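2 protein chains.
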Amino acid sequence: MSDTCVATYRLYDDRADFHKKAESIAVGLTVGSWTDIPETKKASMQKHLGRVVDVHIHESDVPNERYADVRIAYPDVNFSRDIPALLVTVFGKLSMDGRVKLLDLDWSSTFQQAFSGPKFGIAGIREQLGVHNRPLLMSIFKSVIGHDLSALREQFHQQALGGVDLIKDDEILFENPLTPIQDRVKVCLEAAKQVEEETGKKLLYAANLTGPTFELRDQARRAIDAGANALLFNVLSYGYDALHGLSSDPDISVPIMAHPAMAGALYPSPHYGISARLLLGKLLRLAGADFVLFPSPYGSVTMPQEDTQGIREACLDTDRPMKQSFPVPSAGIHPGLVPLIIRDFGIDVVVNAGGGVHGHPLGAAGGGQAFVQAIDAVLQGTSLKDYAQNHEALHHAIQIWGTKE
Amino acid sequence: MSDTCVATYRLYDDRADFHKKAESIAVGLTVGSWTDIPETKKASMQKHLGRVVDVHIHESDVPNERYADVRIAYPDVNFSRDIPALLVTVFGKLSMDGRVKLLDLDWSSTFQQAFSGPKFGIAGIREQLGVHNRPLLMSIFKSVIGHDLSALREQFHQQALGGVDLIKDDEILFENPLTPIQDRVKVCLEAAKQVEEETGKKLLYAANLTGPTFELRDQARRAIDAGANALLFNVLSYGYDALHGLSSDPDISVPIMAHPAMAGALYPSPHYGISARLLLGKLLRLAGADFVLFPSPYGSVTMPQEDTQGIREACLDTDRPMKQSFPVPSAGIHPGLVPLIIRDFGIDVVVNAGGGVHGHPLGAAGGGQAFVQAIDAVLQGTSLKDYAQNHEALHHAIQIWGTKE
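Top line first, the protein sequences correspond to chains A and B.
Each residue of the first sequence is one higher than the last, beginning at 1 in UniProt numbering.
Each residue of the second sequence is one higher than the last, beginning at 1 in UniProt numbering.
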């Protein structure tokens, strides 16, 4: 039975017979009832039957803490090769059946064949930017709502001057009359070109792709026609398959950045939902995200290290025939955290900052420079404090935010 | 400030100043930072600024039980008129910021104008079926995976003979070579026609609409061309906006039934996610669901009464200029529960059964008849036990499953 998808669940129950429960899931979510099937049909139904792989029971005296990690194999033949079908099969009804969390999915190579993953991936994006041996640096618009095109252009210009590789829209900047996507792509990429002429530095701008589901592809093409060289997308509010539809469209020839908006409704509970690693790591990469944003383990809005490392592994894992996704730990990032980020994530990471760029006393350009200097220092094996002695932007940043190294 | 969407959150924190926290959400999720805005810009930015409506603190000595219900008004001008934009605005980033659950959303009439809601609604569906003064009765295919067209047709025929008004696919029946949607619609509706010729009874068959997001409309049209008179849709695995795109498409001229698959990843935790009433009630109706399925408060997979009543109210509420959605409490329903269902939901409800139809000793036809008899009994004010004395199908059902009245 190689062509199956194995789902790992954590089931909580004070009293249940977990082996029996696992069996009832394996049968109930596939053929319905095995005993009701006539003997003459059993041979042909066997290939549709779910199978319990294993059950690991964690006994505990703490109330509500008795649980089991259960793995169940679902035959591929039961579902079509798309993420909605996979999720509905393994967790559609089951999600509503008591305290149960979906921890992991391990699909078959046959299922995998329907997905080509990220179109560019880490290597392709490094190629586009001409940056190979260091983390990438991204900054986010500070404030976007209510600003007009010239204000956005100016913000973009200041950020670009700091030496960042990527600039992204805020995820709450939707299609609006003041800064429609085609117009803001135009003015921002003019600013990018202007800076590139001065510095020789290339830059990707991820414009937020929003609006009605069935118009997303047209909207993406319009943005690309206007010059967009990357897109930001709130995947979870549209479903993974919308991302897959975008990433697998040959006309949508730019990297896609997946924003984790709404993810906190799904991953943080120990008892319900979907693990962060699966939700934001494995499934976003499968659906074709070139960049995967998630809360960093350091900042204001934090995610536990175990989860952020799980996402990182899912983004970089080489077991699957897919390009790698760039992990982008986000929120509360300042230059003093760069040593930790590189320690925890290596150089295949995007250092992503908002307040840590815009809150710099020398402005957004100075903020970007401070990050560039922090990255240089770490890669040279120098402490930030030492490096800051001859680097003004970093010096200011450390004075405000401190360092952790 | 009438054109706002008011979001209600439950925030948990042992120590936080909830008023301060509310203020930081209202500002942070709209203009970003008020103090950073130059004085000259403040007048023009005022219309984008979020506002704290009220904060109700629940003090408690129980650890982890100190919480506040906070209402925040978000100006409509900040987001486009679609559900992904609304959700990302009010809960995108915030969902990841500690223990916080989204309890409710109250959008403006301006926002509402972008939505026409269910295309048929309760009245339209009653009109189609010619059934006006009783609950509708639906049965679900017992087992679908691995069965061929003739087996499905036979199952359908048996269910139809029992006198049900609606038959729905199982939500895990995806596009597959054995029973592709166009073919199964054809054979099932032939069976429906055959029964109608005998009994005069009309029937809707909700075929499961699955596959790639960007092909859903074409797939729906193909099913309708083949004769489909209703569609089932796993909304949460595709996003609300896909449902809205389907329900607002003039060519998709059949009622849509929203299945709650995956909903349990979102509603059951007290600390995270989205309330069942909002998730499955208000938002599904806004997006255009003619039928809303959810776990019943009675059966095997249960939802608390408070939640099921919240969903019911959201489906039936007459404050909004939208047709009503049929509430469909599901799972574990047998004829003996019909008195409770009608007591709790009134007659504007669909009595929906799987095992309670197929597990009947007289077969699926007998199972349907038992439900029809149970409904008749309740509407006549007779106890099921009395009614069963002269009604064999109901008598058998009560012997197996008992009654609750």
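FYI, nobody ran anything at the bench for these hints, they're computed from the structure.
Just so you know, these numbers come straight off a predicted model, no measurement behind them.
Please note: incorrect hints may appear among the correct ones.
Treat identical chains as interchangeable: a pair holds within one or across any two.
[As the list claims (entries may be wrong)] Derived lysine-lysine pairs resembling DSS-like cross-links, with alpha carbons at most 27 Å apart:
| no. | residue 1 | residue 2 |
| --- | --- | --- |
| 1 | 202 | 404 |
| 2 | 142 | 21 |
| 3 | 323 | 202 |
| 4 | 385 | 20 |
Results for each hint:
no., hint, result
1, 202 to 404, "neither (30 Å within a copy, 71 Å between copies)"
2, 142 to 21, "between (50 Å within a copy, 20 Å between copies)"
3, 323 to 202, "within (22 Å within a copy, 53 Å between copies)"
4, 385 to 20, "neither (59 Å within a copy, 35 Å between copies)"
Hints 1 and 4 from the list above are not met by this structure, while the remaining hints are.
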